[in-house]
Amino acid sequence: MGKKTLEIYSVELSGTKDVEQTDKEDGKERYRGLKNCFHSKKDHHTEKLNKELDLDDHKLSIKELEKKYGTNIITGLSSTQAAELLAQNGPNALTPPKETPEIIKFLKQMVGGFSILLWIGAILCWIAYGIQYSMNKSSSLDDVYLGCVLALVVILTGIFAYYQEAKSTNIMSTFNKMIPQQAFVIRDSEKRTIPAEQLVVGDIVEIKGGDRVPADIRLLSAQGCKVDNSSLTGESEPQARSSEFTHDSLLETKNIAFYSTTCLEGTATGMVINTGDRTIIGQIASLASGVGNEKTPIAIEIEHFVHIVAGVAVSIGILFFIIAVSLKYQVLDAIIFLIGIIVANVPEGLLATVTVTLSLTAKRMAKKNCLVKNLEAVETLGSTSIICSDKTGTLTQNRMTVAHLWFDNQIFIADTSEDHSNQVFDQSSGTWASLSKIITLCNRAEFKPGQESVPIMKRIVVGDASETALLKFSEVILGDVMEIRKRNHKVAEIPFNSTNKFQLSIHKTDDPNDKRFLMVMKGAPERILEKCSTIMVNGQEQPLDKSTAEAFHTAYMELGGLGERVLGFCHLYLPADEFPETYTFDVDAMNFPTSNLCFVGLLSMIDPPRSTVPDAVTKCRSAGIKVIMVTGDHPITAKAIAKSVGIISANSETVEDIAKRLHIAVEQVNKRDAKAAVVTGAELKDMSPEQLDELLTNYSEIVFARTSPQQKLIIVEGCQRQNAVVAVTGDGVNDSPALKKADIGIAMGIAGSDAAKNAADMVLLDDNFASIVTGVEEGRLIFDNLKKTIAYTLTKNIAELCPFLIYIIVGLPLPIGTITILFIDLGTDIIPSIALAYEKAESDIMNRKPRHKKKDRLVNEQLAIYSYLHIGLIQAVGGFVVYFTVYAQEGFKPSILINLRVEWEDSNVNDLEDSYGQQWTWYQRKYLEWTGYTAFFVGIMVQQIADLIIRKTRRNSIFQQGLFRNKVIWVGIASQIIIALILSYGLGSITALNFTMLRPQYWFVAVPYAILIWVYDEVRKLFIRLYPGSWWEKNMYY
Amino acid sequence: MAALQEKKSCSQRMEEFQRYCWNPDTGQMLGRTLSRWVWISLYYVAFYVVMTGIFALCIYTLMCTLDPYTPDYQDQLKSPGVTLRPDVYGEKGLDISYNVSDNRTWVDLVNTLHNFLAGYSPTSQEDNVNCTSEKYYFQEVFGAPNHTKFSCKFMADMLQNCSGLTDPNFGFAEGKPCFIIKMNRIVNFLPSNSTAPRADCTFLDQHKDDRPLQVEYYPPNGTFSLHYFPYYGKKAQPHYSNPLVAAKLLNVPRNTEVLIVCKILADYVTFDNPHDPYEGKVEFKLTIQQ
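So the protein lines, in turn, are chains A and B. Under my numbering, residue 1083 is the last one in the first sequence; the count climbs by one each step, no gaps. Under my numbering, residue 319 is the last one in the second sequence; the count climbs by one each step, no gaps.
In case anyone wonders, no lab produced these hints; they're calculated from the structure. Heads up, the beta-carbon is just placed ideally off N, CA and C, and yes, glycines get one too. Careful: at least some of the hints might be erroneous.
Here are the simulated lysine-lysine pairs, PhoX-like style, with alpha carbons at most 25 Å apart [to be verified]:
1) A:938 <-> B:264
2) B:292 <-> A:971
3) A:182 <-> B:121
4) B:121 <-> A:971
5) A:971 <-> B:314
6) A:971 <-> B:263
7) B:264 <-> B:164
8) B:263 <-> A:938
9) B:107 <-> A:971
10) A:182 <-> B:264
11) B:107 <-> A:938
Across the chosen pairs, the derived CB separations fall in these ranges [unchecked claim]:
12) A:156 <-> B:69: 25 to 33 Å
13) A:375 <-> B:69: 20 to 28 Å
14) A:185 <-> B:233: 19 to 27 Å
Now the stretches of chain B that chain A is said to cover, found in silico as 3 or more residues with beta-carbon under 8 Å [said to hold, decoys possible]:
15) 72 to 84
16) 259 to 265
Chain A on its own, in the form it takes in the complex (with noise of 0.2 Å):
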């Protein structure tokens, strides 16, 4: 709308009308390279159509039509009609693609990420039993619980991840039905809007531009009328349709227009002939469903963090199970072994935290306007490092708002914030009090009634953009607008037209004394001016000479130069003698004076940036972002903007500026020396893909105007070539493709159309810029977070495995078991691990580069390594000591524990003796081995409560995040110990658990080394801190 209005104020710097032509072309030079992948599908499918189609309505007349479909052309179908049709044919929309049956889809879950490791497990359980059962008909049937528990891990935590799936699908469905689409429809002789869905054969539809078209309709009648038929043919550039049948291919002629496409401008009449599946589209999506969708950055991290993990369990697995044989173990103990380690390396719980971390962070950008539509975009926008913003809406408030005045040769500047609040020029001349009466008087925009309790800038106003602005802005500065037109009785109005570029009406005044009638006028300056043969000045008339015009000049540039729509205003007061109270004016013959006016003012007018957006902008460039901004405006405007919000900084410069600046022409000026470009769409449509990437990395702030939105594929292919991961925000049908090509294509929530949405990976829901970056914000922190979470889980990974190693090799009694495990993995650790989504950012998040796709991995070496060879060695130490203290100080001290393990096992040894003398029965030290999971378990307990701790931060000291506060990570802890508690003392008693009663002084054994895991890491983080892009950081910072 701003764009509209602007062709008919502002001043032509340049012709660019021309421009718009040839951009399309070239944009359509463009879209080969998208339809040629969809090309081989097209002729497919065209030619499954062509048999299956034998519709002939294109061929029909319209009274044929009217007769086959029981309908009329004028009075449409009778409701009653419709409702049966309705009825007999189903609602006009698509059957949803054939989707994965939930029941695939709940497979899925079952055999995905560590599931089919689990699995192998659970059957290896069962298969060991049976080896066991064969040999011995009354062996214990504890693997067989072992692997029915494993089996029901897998299961649990798959019914779990489908859950959360289906969640995320239904916010998905919820958003399509915040949208429906409307029809036009003309049923029992009255036109209505009704919803899309509820259209019949039959039924006489009016589409205008911009419309997507509600089924297949053979149109009756058009006025330049055209389609966008890329969701159909792939084929980009609009088509015109009319209503004259031109080619016996259903396909080809011009009288049908397909559903789902996009009527591009005009308006249409037709009838329904093929509604929901039945329509072309509708059996083209029914042929062609299932296309796979790309894998998003996160899910190519999980995916690499699953092979890590299921590559470190099978290797040591097999390794082991190597040893253990050639130990002369007997296989069934190996493969007993061989599920220990497995358990033991699969972190159970992971993926189920980290699909609840993303889905609590959604709902957290949600919350912040943005939607968004995939899980995992969420942190694909945390990896951005180029946006491509739209101005209007985007970066301003989308609505015109007076920026500057200029009466008594001087410039006043008006508060342009949302809210308006602050108009502190002075009000005190005279010249203001008639610039005000003409602001007033002579506008024809209105607030729409009822709205007194609205704020006024909130009010909804009918009228154009500039007049809005002037009606908001003498409604907050003089109060109620409307009485004071009422009490100024308007006696003659002559409307804006372009040709003579200004707007007049006369009114009667409000002083009962002053018999004359007011004239008022405003419209372009230079045209107002040249009416005029007297200026005011502090409320005095006086003649206008050439240093007032001159003056007059020079705030007219200025205000101009500031991107800003100037207005001229100027009033007369009709002497009464001649044009007394009686007097019939008519505006056709023009029979009063348009010359010889006394000039008043100027007043100009920007659609202002949204407050917010500068500090976003600041925020983006710190964090490394870098701000394309990509407008169809005013290259001067789409400048003051970018300037304004900072997307061009203060002290950078273009090309031009310099050239200005030292008085040179712009060839002469080395380009090296400025930073910012703005860049028009003709320049653009000139360039290289080479002048292009040089221009993207050569230019720091870049802004490109008069583009035409497919220009911005060009530009967004362009970042994507240096790399960049490119954010680009859309919203009209055409930026689609743009959309589609970024790796996150942002559609705006209230100006966005539904193609734009569709094709949208978010959805602002404000508009606002300062959006994006909240949920750069959010990803960037979600990829840290998920780090961390991912490190505190392994880490306990290798104090689960180190038992079972050394079980093997040094023969003690196990010293923690399998369902033990299984509690720490899915009891202790789950709220602790999600605790960590809550983690605030660590201060540095918006000033560090972004992340580098390829490099900079989820899990890396680094995180690998020092959770498994550093925490968890230490976790692992700690957790021996524990055990150890606990059968040393029941009598078994270390050194009789080597090797003791045959003779531990054997049920039917039941004196054995320990470093005491004592004597022992199989099933007492059956209770203490369990006891010695139960106090290993304590360990890793206590250890993993430092281990949370520690990796609230990874290069920060806790001291300076803040050890309280994320509260919910002393929830985590709180319900780790709680949990371990419950665990200990209320089912201790339960065998099967292998949980018993511990002393309580064992539960502190482990402190030392959870204080040692602290320090430990203090002083990594402090080194890390001291001594950046040191040795010690590449290897130690994950």
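Mind docking chain B on chain A? Use the hints.
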């Protein structure tokens, strides 16, 4: 969303891997130069040495806190376990079966008993003292040589007919086999207040059988004399031997499997732990064929 991952061909991957193994441009092996490898190895060596040191220190401290004579806790040893000799285990617990007329079936059982009782020969018991009192033999001080405490002698011949001295076949040959019942040692454990604990063997499913199991116990009454208690631990009583009771089963029916349980009857010995079949009692299956 655009694709982020290009597919690599196998040869490209191999090439990359080779380059990872040895990069001639930077002199890196497996991602690090030689000197970097040395540095990182040194760091890990140091780290693990320190960790081992800390671990050793912890274990050392733990050892220092332990009492050398008595364990800190005896949570599982509230009541002693009981074992049986000869000990032949079947699928579920002790299962002894032999044929009277075929001495090959019981010679192993007899040998087990002989071997077991070798520890109770006069030579192996010579370091122990003779005890006659029927009271607990409390020793506050380390009166025995080498800072130890005295242990009472338990000689094989105290088992009389079941000692293997008078009947080297332990009654197996005539179908009245001897079984030796041993109570597990527990440091400082006192089985009862004043009366000596005694073994009592019966058929497990008594009600079906009219005749109760007839048993001859050695020492008489099947008692474990109180002077063998308390046990002061391996360090204080290095030569301590568990007192034994032999039960000679006189009327075991032939050619049927019988279930026999031998319980220890004493104030502080419990035998009703459902999980532990060897606590305070020992059960075994016996089949004597003829």
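Hint check:
1. A:938 <-> B:264: Distance of about 14 Å is within 25 Å: holds.
2. B:292 <-> A:971: At roughly 22 Å apart (the allowed maximum being 25 Å), residue 971 of chain A and residue 292 of chain B satisfy the hint.
3. A:182 <-> B:121: 10 Å, holds
4. B:121 <-> A:971: 17 Å, holds
5. A:971 <-> B:314: Holds - the C-alpha atoms of residue 314 of chain B and residue 971 of chain A are around 24 Å apart, at most 25 Å.
6. A:971 <-> B:263: 23 Å, holds
7. B:264 <-> B:164: 23 Å, holds
8. B:263 <-> A:938: Judged against 25 Å, a Cα distance of about 13 Å means the pair holds.
9. B:107 <-> A:971: Distance ~15 Å between residue 107 of chain B and residue 971 of chain A Cα, so the pair holds.
10. A:182 <-> B:264: 43 Å, violated
11. B:107 <-> A:938: With a Cα-Cα distance of about 20 Å, the restraint between residue 107 of chain B and residue 938 of chain A holds, given a limit of 25 Å.
12. A:156 <-> B:69: 25 to 33 Å: 38 Å, violated
13. A:375 <-> B:69: 20 to 28 Å: Distance hint for residue 375 of chain A, residue 69 of chain B is violated at roughly 39 Å.
14. A:185 <-> B:233: 19 to 27 Å: 22 Å, holds
15. 72 to 84: Holds, because 7 residues of the region 72 to 84 of chain B bring their Cβ atoms closer than 8 Å to Cβ atoms of chain A.
16. 259 to 265: With 4 residues in contact (Cβ-Cβ under 8 Å with chain A), the coverage given for the region 259 to 265 of chain B holds.
When held up to the earlier numbered hints, the structure conflicts with 10, 12, 13 and fits the remainder.
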